Every structure is written in structure tokens, then in C-alpha cells.
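Participant: Okay, here's what each chain looks like letter by letter:
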Amino acid sequence: MRPLIRIFRLMVQSQRKALLQGAALSLVVLLMGAALLGLSGWFITAAAAAGLAGAGATFDVFRPSAMVRFLALGRTAARYGERLTTHDATLRVLAALRVRLLARAAALPFDEMIRARRSAGLNRITADVDALDGIPLRLILPIGAGLAAHGLVFAVLWWLSDLRVAAAILVIHLLGAAAVMAWAGARAAGPSADAERAGQTYRARLLDLVRARADLVVHGRLPAEAGAVHASDAERRTLQAGLDRTGRRAGAALALVASAAAAAALWIGLGLVESGTLTPALAALGVFTALALAETLAPMHRAATELGRMRLAADRMGAVLDTAAAPAEGPAPAPDRAAPVLALDRLALQRLGAAAPVFEGLSLALAPGEVLALTGPSGSGKSTVLQIAAGVSQASAGRAHLLGQPLADWPEQALRDTVTLVPQRASLVAGTLRDNLALAAPDADDATLLAALDACALGATFAARGGLEAPIGPGGAGLSGGEARRVALARALLRRPALLLLDEPTEGLDRATAAAVLAGIRAALPEAAILIAAHRAVEIAAADRSLAMTSMT
Amino acid sequence: MPRRKPDPIARLTAPVRPALNRAAALAVVANLLWLVQAGAVAAAIGGALVPPALLSPAEGALVFLATGALRAGLGYVSGGIAFRASDRVIADLRARLLAREAGEGPATGVGIGGAGAVAALAGEKLDLLAPYLTRYAPARARVAVVPLVILAVAFSASWAVGLIFLISGPLIPVFMALVGMAAQDASERQMREVGTLNDLLADRLAALADFRLLGARPALIEGFAAQAEDLRARTMAVLRIAFLSSTVLELFAAIGVAMVAVFLGFSLLGAISFGTWGGPISPMAVIFLLMLAPEFYQPLRDLAAAWHDRAAAAAVAEELAAWEDAARAPGLGTGAAAAPLPGGFALTTRGVRLRRGETVIALPDITLGPGETLALTGPSGAGKTTALMALAGLLRPEAGEIRVNGQELDDSTADAWRAELGWMPQAPHFLDATLRDNVAMSAEGDVAAALEQAGVAHVVAALPEGVETRLGETGAGLSGGEARRVTLARALHARPRLLLADEPTADLDAETARIVTQALMARAKAGMALIVSTHDERLADLMDRAIKIGGAP
Chain A
1 MRPLIRIFRL MVQSQRKALL QGAALSLVVL LMGAALLGLS GWFITAAAAA GLAGAGATFD
61 VFRPSAMVRF LALGRTAARY GERLTTHDAT LRVLAALRVR LLARAAALPF DEMIRARRSA
121 GLNRITADVD ALDGIPLRLI LPIGAGLAAH GLVFAVLWWL SDLRVAAAIL VIHLLGAAAV
181 MAWAGARAAG PSADAERAGQ TYRARLLDLV RARADLVVHG RLPAEAGAVH ASDAERRTLQ
241 AGLDRTGRRA GAALALVASA AAAAALWIGL GLVESGTLTP ALAALGVFTA LALAETLAPM
301 HRAATELGRM RLAADRMGAV LDTAAAPAEG PAPAPDRAAP VLALDRLALQ RLGAAAPVFE
361 GLSLALAPGE VLALTGPSGS GKSTVLQIAA GVSQASAGRA HLLGQPLADW PEQALRDTVT
421 LVPQRASLVA GTLRDNLALA APDADDATLL AALDACALGA TFAARGGLEA PIGPGGAGLS
481 GGEARRVALA RALLRRPALL LLDEPTEGLD RATAAAVLAG IRAALPEAAI LIAAHRAVEI
541 AAADRSLAMT SMT
Chain B
1 MPRRKPDPIA RLTAPVRPAL NRAAALAVVA NLLWLVQAGA VAAAIGGALV PPALLSPAEG
61 ALVFLATGAL RAGLGYVSGG IAFRASDRVI ADLRARLLAR EAGEGPATGV GIGGAGAVAA
121 LAGEKLDLLA PYLTRYAPAR ARVAVVPLVI LAVAFSASWA VGLIFLISGP LIPVFMALVG
181 MAAQDASERQ MREVGTLNDL LADRLAALAD FRLLGARPAL IEGFAAQAED LRARTMAVLR
241 IAFLSSTVLE LFAAIGVAMV AVFLGFSLLG AISFGTWGGP ISPMAVIFLL MLAPEFYQPL
301 RDLAAAWHDR AAAAAVAEEL AAWEDAARAP GLGTGAAAAP LPGGFALTTR GVRLRRGETV
361 IALPDITLGP GETLALTGPS GAGKTTALMA LAGLLRPEAG EIRVNGQELD DSTADAWRAE
421 LGWMPQAPHF LDATLRDNVA MSAEGDVAAA LEQAGVAHVV AALPEGVETR LGETGAGLSG
481 GEARRVTLAR ALHARPRLLL ADEPTADLDA ETARIVTQAL MARAKAGMAL IVSTHDERLA
541 DLMDRAIKIG GAP
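Line order of the protein sequences matches chains A and B.
Using full-length UniProt numbering, read the first sequence as starting at 1 and increasing by one per residue.
Using full-length UniProt numbering, read the second sequence as starting at 1 and increasing by one per residue.
Warning: the hint list may mix true and false statements.
[Stated by the list, open to error] So the derived label-pair ranges between C-beta atoms look like this: (1) A:A516 to B:A327: 40 to 50 Å; (2) A:K17 to B:A226: 21 to 31 Å; (3) A:D130 to B:E59: 29 to 39 Å; (4) A:D130 to B:A326: 26 to 36 Å.
[Stated by the list, open to error] Some chain B residues close to chain A (C-beta under 7 Å, calculated; not the full set): (5) L98; (6) V467; (7) R538; (8) L542.
These are computed hints drawn from the structure, not numbers from a lab.
Only a predicted model underlies this, so the values are computations on that prediction, with no experimental measurement involved.
Positions of the beta carbon are idealized from the N, C-alpha and C atoms, including for glycine.
Taking the hints into account, I'd like the entire structure generated from these sequences.
Facilitator: Here's what the structure looks like:
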């Protein structure tokens, strides 16, 4: 239960007023419902008794009948208000939670971030969050309001009617509901979470099958993969059939509990009438109130079967929310303009469990306007050096300074304004060319954007496709690899960083274009220090000097 | 916008119509048992007012409880039948979806979503049919029977009460029809918004690292927050309509019940003497009628509550119909593993024409023997990839003949033919499995040799978990060139007699292109036939022959 309560607390923190209001209205709805039915039963029976006694003329019909109308209308209005308030508050919380999850995903350690599969992140932010709406709407608010309503009704019935009737209604409802919930909750917990997992597996597998279909056909794997997709659906179906059975059993048991409470109220109440303790009207009050309170049990069986799914989602959510918050923001440390833009001092990288370090004793200093090429075979750690310089990865030993200040002292946003890394696999987003460039410079004018494109030898390419309004598909679809690469470079130029880090910047470009792009970048950012993880002669040639990293593995 | 078909859902539910009817019949019977329960309470309380009692308190309670148990049991059985029917409908649709996507290939054409859309349709959207089948369908059956029976019973006891029902009842369907139209539009809008949000999220999640490096994380989060807020607003619009409609219905019901109660109260007191079939109405009949009144309106309210289930199901059914109507480009064979095609290796094509969308591509005749190499050249969009797909049996030619090892390439030979093929697509998609499994694909065994030949062994060794690493779906964690070399390793690992490579060197730097080219040529020298589609003149020059695709068909 703890993760569920944690999520609920989170919800209360942000929507305290609306949820309190919703809780109060839920209680009002239940109480007015009980009062309405109870009063109607009492009124009719009392009127019958008065009519039979010939006292019809003196019987006050107006106050009870006005009360009946008031309760009927009031309950309807309260229910409308309760539904709107609780749903709106819940949806607001969930929308905020989605945003928060995305923010956390955006703050993941860099290597985890680039390796994460989209489907997992998507499931977290969509399906898991969706599963949480039941926590306030079908679990905590109905149970809370139900318990409070039972308490109040018990007191009122004791006062108006008889302790024995009131106690029978209370005890049968509470014990019955608790027993059914405990049974169904325990029985459904595992399958409910498993069914949710199987559903997410199904979706991810189907996605894989559709995306990799041609590969699977050629390799003779299609029926096997289709079978695996089908199997995950079959697993989910089996689990859901079991869950449905549990849910229906719980529903039937709760209906029986409600019938038992009303039957007990009838039996005890009329027994007290026979012994002269109660009037028939007050016995009817008990029976009809018990009938009305069946409403408190109705939402319970769905809550019981959903509990496992909610808990799974809440658990995952908790794990994500526990990870470090977004990097600290704050003022940038005062840069020392006399110091090198980037200074690395005896940097070493030792991967966990590896016998030898990937590199060690790496030192370099980079002045404004200087271009340095890091060379070395794949796996020698060039990319990691750039990531360390960009503050998204850590070295195992050594020191790194940016503009004379230790890298670790730089707050995130100030760091991003000073350093720009273009990784090997820069991704574009769906939209237009302008949308993609605007990520780097939201306020730049067209001339600035076009200049950055020209620097990356892209001006002519896009001129024919609508210029800045040229459409770009999801993940850069519609552009060739080389074009996408150059858009990513142009984006980096727009940041106007003091330190530009380029990881194999001209991969996919022919020699002439590569040379032109590298020259264009240097011309566009004459003051920037540029560090290139180079693997081509053309990249090394464009640098002022180069530094070889020898592989230790 | 296509015109709405009369009832797109009916077509989907036709196979389970008998089961749904059975479930509905049981639900109706369960509902009518309330007449017995109400009668028991009325007899017991009425007996307390006007002895002799028809039923003693204990007998009344027992009848009430026993009937309640029967009612709960019938509800349980009816719910089970409805669940199984809905499970069958959804499972069949899922199986059909999977079979078509796997067997006939992805849908082609404008407005048809990609893999994500298919996964969403098969996943959460099809699930939206369940509430329609399990809630809406039985509710509709109950509406058709229960109010009429109660109306008849009410008329037989008091024509005035019957009249109140008769007047207030029909208002409800009229109102519902009005609300229903608005609900469906709102539902469709909301569903589109869910789709948009998912697409946007998938796109943004893939580019998270870039957002961070460009300092655009705040913009990303703001943009997503706006989208999430939009979804909330759309969902609330749907809910507001649903809540409003059920509130208005509840209001009708409340007014109806209150009128019945007040009328009956006055008649009992003798203040009203009309409305009955002669003689004063008995207290027992009054209590009975009062208990029936809410049940008269309840089925109508349940139907209204389930109304947006219908709207959601209709939206899904339409999307499904669009998916079913979409054109497909079916391939040959089943895509299953098979023994290699017997006979000496030989590939010939004669007069093959291929359809791609609206265009027809004419494939020049090809003859290829063991160890021979061939380049397919031609401008972008000429159909080189389409030609390779046809040679792999992934596409059915419109005309002409492809002969493989002396037999016609058709459904009976395609799988065996593909067992001889290596396949290197332009854009790799990695399954959610280890790198080892992604390379091994069809052929078991050690992948080290293939990784070595593709020049990627040291890159894989440097990954945190080596060949056990799970890659992102497009190979995140590797550079583009490295990912391409992994697909080369996969193609080589199968030890094919013919390798089909789609632009194997496009977007690669010279060094990587050289590695890939060398690996391909080394295998060709060892007897593997090779067909590459390429723009790369250096690669084309290395092939024995080159043919140009494009020009007049």
C-alpha cells in the first residue's frame, strides 16, 4: 500500500483544495442518498399509519415532502460537482505527473538516456500514469467517503431508530466489504500486475514485429515472432479472464452483503415493531437507509481487481521519482577569461569491472579559437572524453576545468549555454526545419538561422524544399543521413558556445562537403574552442593540432 | 472526412451476438428479481401496519436475502458470458490484425499511421470495445424490457403512478439522443489527442539527449506540458458531457421518484382520492410502488452512463475499418524458417514489373550465378530498394517471372529461397533483445566471426556488456556506421549464398565504407553472390556488372 499512498499524497499536495472538495462532495452524495431513501420510506410508512389511524388531516406532509425534493435535487447537483471536481483534479495531477516523468527522463545519466528504448519510456508516461487515476477515483475517495457515511448513518440511526438496527447495518456492511476486499485484493494483486506487464510486452513486441518485418521475413523468423506476440496476448487474456472472475465474484459477494444488511434491518426492525419498541415507520427508515448504503459498496470490486495494476504503476513511478531531481540550477561561476576554455588534467576512465583503464593520463588545454582533433581507434574513449567535457559523463580520475572553473561547479543551464556537444547520433524531431533549429535558438531571426544552414552547406539543399518551413518527419525521416547530420551541426552553431564538442562530425559526408562544413563551422564561431573526436583525415586536417589516444584494451 | 457508416460496431460484434443476447437475457431476469425483493419488503412492512402480515419479518428478510443471492448469482453468470464474448471479439481482432500485419505486410497509403499507430490500435484502443460489449449491450437490453414491465405493474396498482412513469420515461431517450451526438464528437477528438500525444512523446523521447545538450530541456518540458494539458482538457470535455447527461437523467429520475412518493403519501393520508382503480390503495402496494420507482429509471441511467462506451467503441471501429480497407503490398511465402532451396545457385528474372504505390517499376532482366556480383544503380526513388525486396520475395511482382535455382519464386519456394539469402537493409531496426540475438537472427552459433569480418568486433567488445548489450531500436549506443556494420555482421553470419545489400555504404565515412566494402568483396571472392543497390560509384565499379533501374517502364 505504501507506494499507492505516496502517489496519493503527491496528488493531495498539488490538488489539495479540489480533492478535499471532491471528498466532501462524495460524502454529501452518499449521505443525501441515504437520507433521501430513508426519509421516503419513513414518510410513506408514517403516512400510511396516520391514514389508517384516521389522523391524515393532522399529519405534516409538507415538510417531509419538501425535504424529499430538496434531497433529490441536492444529491444530483452534489454528484455532478463531485464527479467534475475529482476527475478534473485527478487529470490535472496525472498531466503534471506525465510532465514530471518526462523531466526525470530528460535528467537521466547520459549513457542511460541514449540507450533507453522508447517503448519503455512511452509505457511509463502513458499506460502507467493512466493506471494511477484509480487511486483517488476508485480507491481512496470512495472508501474514505463510504466509511465516513457509514459512521454518520450509524449515529443518526441509533439516535432516531435503534442501536441494534444501526449496528447490524454497520457491522454487516463493514465486515462484509472488508472481507471481500481483502480476499479479492489478495487474489488479484499478482495477476493484475502481471496482466499489465503482459500488455506492455505485447505492445513492445508488436512494435518490433511491424518495424523489423522485412528482416524477420528474410531470416525466416516471422512466424516465430508472430507466435511470440500472440503468446504475450494469450498470457494477458488468461490473466484477465482470472481477474474478471475474481472481480465478478467480489461484485456478487458485495451485492449479497448489501442484501444481507437490508434483510437484517428488515428482520430486526420489524421484530422490534412486534415487541412494541419501534414504530413501523422507523423500522422502514432503517430498511430504506440500508438499501441506500449499497451505493457505498458498488465501486469496491473494481478497486480490488485494479489494485495490483495500480500498485505496479505506483511502484515504477516511485522508482522514477526517487532518482535524482533535475540538476541544480544557479548562477554560473565567474569565468576566468585568462584560463583555457577547456583544461583536462590527467584524466582517466576505468569502466566498472574492466581490468585495464580505457584511457589514463589524458591532459590537454584548449584556447579560444583553437581546434583540436582527438584521434584514436573506435573504443579508445574519444566520445567519452567529449561527454566528460560536456559535463554529462564522469571520469574515474583527473580534473576538468571549464573557463578556469571546475566543471562540477557549473549549474546545468549555464553549462549548456557555454558548452555544446554534437553526439554521434544526434536526433531531429518531427516538425519543420525551423522547429528543429528553434530548439537551439528559440528567439533567433531568419537571417541567423539561414546563416547557420549556409555554414553547414545546407542553404541550397533546403532552398528547394521550402526553406525553413521544409517538413521533417519523426526522427529526421525524409532527410538523408548526411543532411540530418548537418542540421544537427547547424543547430549547435546557433547555440554560439564557447566550447564546441563534435563527435565524428562529418560521418556520412563526402570529402568535399566535409571540408566545407568544417571550414564553415570554424568561420561561424571564430572565438569558440572546438574539440573534435576525429576519425577521418579531413577532420584531422581541419584542426590546428591533434592528440592521439591510444587504446588500452 | 469519410461519411459515418450506419453502425460500424455491429459488424464487429456479429459473431458473439447470441452470447451477448444470452448475457442480456440473464441481466434482464436479474433486474426483474427486484420485483420479488421489493414485494418481500412491502409485504413485511405492510403487514406490520395492517395485520395479518403476508410475510413475517423473518420470512420477509429471508425472501429478500435469497432473491438477492439469486440476483447476484445471475449477475455473475451474465457478466461472465459478456466478458467471454468481449474477450473473444477483441482476441479475434488482435489475431486478425497481427496476421495481416505479419502476413500481408504493413498498410500502405496516405493517412495510415506507422508501427506506433498499429501497436496503439491493437493494444489499448481495441480494449475500448470491452466496456461497450460488457456494459452497453446488456444495459440496452434492460432498457427494452425492465421499464415496460415496471410500467405495467405500476399501472395495475395505480394509473396515476403509471402515468407519472409514462410521461417522465420517454423524455430520457430523447435527451440521450441529443447528448449522444455531442459525446461521439468529443470522444473522437479526445482519441485523436491521445494519438498525437503518444506520437509526440515517442519522437521527443528519442531526442532527449539532444534536448539536453542544446539546453532545450525547459522548452521540451513546457511544450509537453502544454500538450498534456490539452489532453486533459479534451478528456474533461468528454467527461463533462457524460456527467452532464447522467446528471440530467438522475434529475428526471429524482423528480419522478419524488412525485411518486408525494402522490402516494397524499393518497395514504386520504388527501387525494384519484389515481387508483377504485378503493384506497393499500400500504403494502404503496411501499412496493415506492421501491419500484427508482428501478424504473435505473436501466435508462445505466444506458446513459455507458453511452460514452459506445462512442469510444464507434471511434475504434471506424479506425479499424480504415485499417482494414488500407491497401497492402503482400509478399511471398510465410516468412518461416525453411531448409535451403535445393539445386545449384542461380537467379534469373524476366520482364519483372513491380508496383510501388501509383508507379510501376520495370526491372531489367538479371542473370546471376554463384559468386557473381551486381550493382543496381539509378537515381533516388527509381526503385532500387523495391527491386531488392522483390528479389527477396518480400513483394509480389505485377508481371514477369523471377526464377531461383531453376524454380519459379512463388509462395512455395520463397521461404526456402530466403534461407539462402543475406539481407542488409538501409535503416537497421534492432529487436528488443541482446546484440548477440540480433546478429544471430536465423542462424544459431557464435557471432564473433561475423562481427570480426564486419570490422565491428572491437566496438562491440568496448560496449559495457559486450554482445549481451541491449541496443536501442535504431542502434542507439552505437554510431550510425557501427550500427550499419552490425547489420552487415548479421547478414554475413547467416553464411548466405546471395547477399542483398541496400546502399551498404551510404551515409558512411570513407573508412567505414572501406571496411564494409572489403568485407562484402572478401565473401564474394569466397563464392557468395552479391547484389548491392548503390549510389557509390566506387562500390559499383567493384561489381562484375551494373544495371540501371529507372527510365521508361
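Participant: Run through the hints listed earlier and report the numbers of any the structure violates, in increasing order.
Facilitator: Violated: hints 3, 6, 7 and 8.
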